Each structure stands twice: as C-alpha cells, then as structure tokens.
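In order, the protein sequence lines correspond to chains F and S. Each residue of the first sequence is one higher than the one before, starting from 1 at the first, in the numbering used here. Each residue of the second sequence is one higher than the one before, starting from 1001 at the first, in the numbering used here.
Please keep in mind that the hints were generated in silico from the structure rather than gathered at the bench. Treat the numbers as computed from the prediction; the structure is a model and nothing was measured. A hint or two may mislead.
Here are the computed distance ranges between Cβ atoms for each label pair [as the list claims (entries may be wrong)]:
{"#": "1", "chain 1": "S", "residue 1": "N1090", "chain 2": "F", "residue 2": "I31", "range": "22 to 32 Å"}
{"#": "2", "chain 1": "S", "residue 1": "Y1078", "chain 2": "F", "residue 2": "D163", "range": "38 to 48 Å"}
{"#": "3", "chain 1": "S", "residue 1": "L1025", "chain 2": "F", "residue 2": "I57", "range": "52 to 62 Å"}
{"#": "4", "chain 1": "S", "residue 1": "T1109", "chain 2": "F", "residue 2": "I31", "range": "40 to 50 Å"}
{"#": "5", "chain 1": "F", "residue 1": "T14", "chain 2": "S", "residue 2": "T1109", "range": "30 to 40 Å"}
The beta carbon of each residue, even a glycine, is placed where N, CA and C say it ideally should be.
One-letter residues, chain by chain:
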Amino acid sequence: MNKTYYFLIILILTLGIGALFFPEKSYIKEISPELLFYKMNNPSRFVTTDQVAKLIIESDPTLFLIDTRSSDQYGSFSLPGAMNIPLDELVDSIGIICPKWIDYLDIEGMKVIFFSNSDVIADQVWVICTRHELDNLYVMRGGLNTWAETILMPQKPSEYSPDEEFALYDFRRGACQYFVGGSISIKSDVVADQVPRVRRKKKTVVAGGC
Amino acid sequence: MFHAKNPRRLTFALIAFVLIIIVGLITMSKPVHIYKSNSAEILKSILLKEGELTPEKAMLYAKENNPLFVFVDIRDPYEYVKGHVPNAINISLTELLSDETLKTFDKYTRDKVTIVIYANTQTEANGPWMLLKQLGYSDIKVLLGGYEYYSKVPKENEKVPENPEYYVESQSMILQK
Chain F
1 MNKTYYFLII
11 LILTLGIGAL
21 FFPEKSYIKE
31 ISPELLFYKM
41 NNPSRFVTTD
51 QVAKLIIESD
61 PTLFLIDTRS
71 SDQYGSFSLP
81 GAMNIPLDEL
91 VDSIGIICPK
101 WIDYLDIEGM
111 KVIFFSNSDV
121 IADQVWVICT
131 RHELDNLYVM
141 RGGLNTWAET
151 ILMPQKPSEY
161 SPDEEFALYD
171 FRRGACQYFV
181 GGSISIKSDV
191 VADQVPRVRR
201 KKKTVVAGGC
Chain S
1001 MFHAKNPRRL
1011 TFALIAFVLI
1021 IIVGLITMSK
1031 PVHIYKSNSA
1041 EILKSILLKE
1051 GELTPEKAML
1061 YAKENNPLFV
1071 FVDIRDPYEY
1081 VKGHVPNAIN
1091 ISLTELLSDE
1101 TLKTFDKYTR
1111 DKVTIVIYAN
1121 TQTEANGPWM
1131 LLKQLGYSDI
1141 KVLLGGYEYY
1151 SKVPKENEKV
1161 PENPEYYVES
1171 QSMILQK
C-alpha cells in the first residue's frame, strides 16, 4: 500500500484523538454575556404598578404575573391571578431553569411580569431567566411595597398638582376599589366629603286669626 | 486497490486538508466574555447572601479607607460628582464590559481587593453585580439598598433600627396588615 495512505490514517487518528480533548461544549441554552448586558440596560424591562393594575383590570389575556417570593408570603397575600415561583426553586442543580417552570415562562406572546416585595428578587429572577434565552420578561418596579403605597393606599395629590396627577389619583382610587372592594378608600372619603347638614326650620303655621 | 494515476495529487490534497484545518483553528473566533459560573452557582451565592454589604459596614470601610475594599460607582459621572462614597471610583454602566474596566477588575481580583458595586438603588446595581459574578469575579459585593440608603445611615452614637430600611425586600407595614 502507498505510504501516503498510512500517513493519512495516522493524521485522521491524531485529529480524532485531539478532538476528544476539545473543551466540552455546554448544551445549556443561553445568550452571550454581551447580549444579557444589553438587555439589562434596556429600561423598558420595568413596568410600573399602575400599568400592572391596568392590565389586571382589563383582564389582558397575555398577562402572566409571577410572584417570586417564598410560598408562605405568597399564601398570605399576592396579586390576583399570580403564580408562585420562589427564587430558591428556580434553577436545577445543573444550572438550567427547572423544566416544570419552563412551560409557564416560555409561552409565545405572553407578557411575564415578575414581582416580589421590592424589585431586587424579581430582578434576580429576571437576570437568570434572560440568560436562559427567555423573552418578554418584565419586572414590576417597586414590587408589592410600592403596590401597597400606590394602588391600595393612594395619596391625594396636593391642590397645586398638575391635572395628570389627579387623573392618576382617580385611576388609583378606582383600582383600589377594584382590588379591595373600596373598603379603604370609602373610610377616608366619608371623612373628607362629610357635608354638614342644615336642618330646615319647620315652618310654623301661623296660628290664630285676626 | 485503487492507485492514483498521479501520486502527487494525493499529497497535494493532503497538504490542502491539513492547511484548511490549521487555518480554521487559528481563525476560530474566541468569545471575549464567557460565563465562568452557571445559574445554580449564582443562585446559591444569592441565597447565602454572601455578596451583600450593609451600608453601616460600607461607611466604616470607606471612612478608614480600607485597602481591601474598593467602591465602584456605576452611575453617570454627573451623579457621581453630586455625591458619592468616599474614595469610590466611577465607572459608568455603559463602560462596564469594556476591556479597560475588566482589566481594572482583574487587577483588583489579583490583589485580593473586594469590589463593591453600587448605584442609586440596589436594583440598578443588581444586574451588573450578577453579570460580573457570572463572568468569574467571585470577590464582588453589592451595596444593600444602594446609595439612597447609604446617605441615610444613622451616625455612630445613634441606635440602629431593628429592621433597617435597606432590606428592601422585607414586607412593608401596609402589607403585613
């Protein structure tokens, strides 16, 4: 046999053995750090509590709320229709998002909004999920603490505030009535709107004649 | 057995083959930034809270100019000028992944200096903190509550409240009702 063929065999074998020592390719779906950084700096990933309230009231079918707090806290209070994915159960031991959550997080056309008491934990969940190629994820700015301040107990703007603030206040009062049945707002309204009743004097019939 | 009419043809083909492989290996694009830890590891360090620095400690380190800590302000330069942690360096967010910045961070890591990242709120610093942590900078911390709580830290003789406000993830009073 031609010597070249031997050489060819040896070459192919060395290449094959060399390929064995190639760094192991990870098959975890993830985006590059640069893209993650770019997405992180995009401020549109935050939504306000007013926007969330509006979406809930309109019962937007593409809205999907996710509570990232512990299941105890989720049990005591959460937003209507929210699902619980605690931060500590998000990731598998091999570093991928638990398969049981993927079906919920990876739905075409759904707006997934994360929230926690503030927005730090929700943001941490956002970073982990975004790294694993999930899209259309948002974080509720301020979390439930801001939700309580703005939607459940809206503050009346001062008299000199611009009209927009009054419009926002009206919306928030309406939203409050929607979420808590108005029990909080009615209390404060009664005090504010109490109008002193003026009792009419009874007309005295002129008695007696001439 | 097949014999090439021109035995040199095989040699040429062989050389070309080896050349293509060598050129391919040389020009193989190497990513600039690669993840050095997976999501399970980053989640573990979040849950252990090892990357958190309270404003009180931060104030102490900054005041004594502790050589083992460096504060990195990732806000815009004009916000940095208005007020910042003493001896903090300013690297605005857009420059975070630039070669120069990463070289600085590499140098701090070699010198075993802890990098503390902060912005106005903790949420603003959280993403960059997690990203750098995933890129392999293990000795990196984030300032709890951000600069807005740092500026509200009680003085030494004042009593520290039991549930400090900078734990922004604790439930507010309204929710507890």
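Given the hint of 38 to 48 Å, check if S:Y1078 and F:D163 actually sit that far apart at their C-beta atoms. violated, 31 Å
S:N1090 versus F:I31 beta-carbon gap, inside 22 to 32 Å or not: Since the Cβ atoms of S:N1090 and F:I31 sit about 28 Å apart, the hinted range of 22 to 32 Å holds.
Just tell me: holds or violated, for the beta carbon distance of S:L1025 and F:I57 against 52 to 62 Å? The hinted range 52 to 62 Å holds for S:L1025 and F:I57, with Cβ atoms some 60 Å apart.
Does the beta carbon distance between S:T1109 and F:I31 stay inside 40 to 50 Å, or does it fall outside? Violated, since S:T1109 and F:I31 (Cβ atoms, about 25 Å apart) do not stay within the stated range.
That 30 to 40 Å hint for F:T14 and S:T1109 (C-beta), does it hold up? holds, 38 Å
Checked against the numbered hints given earlier, this structure breaks hints 2, 4; the rest are met.
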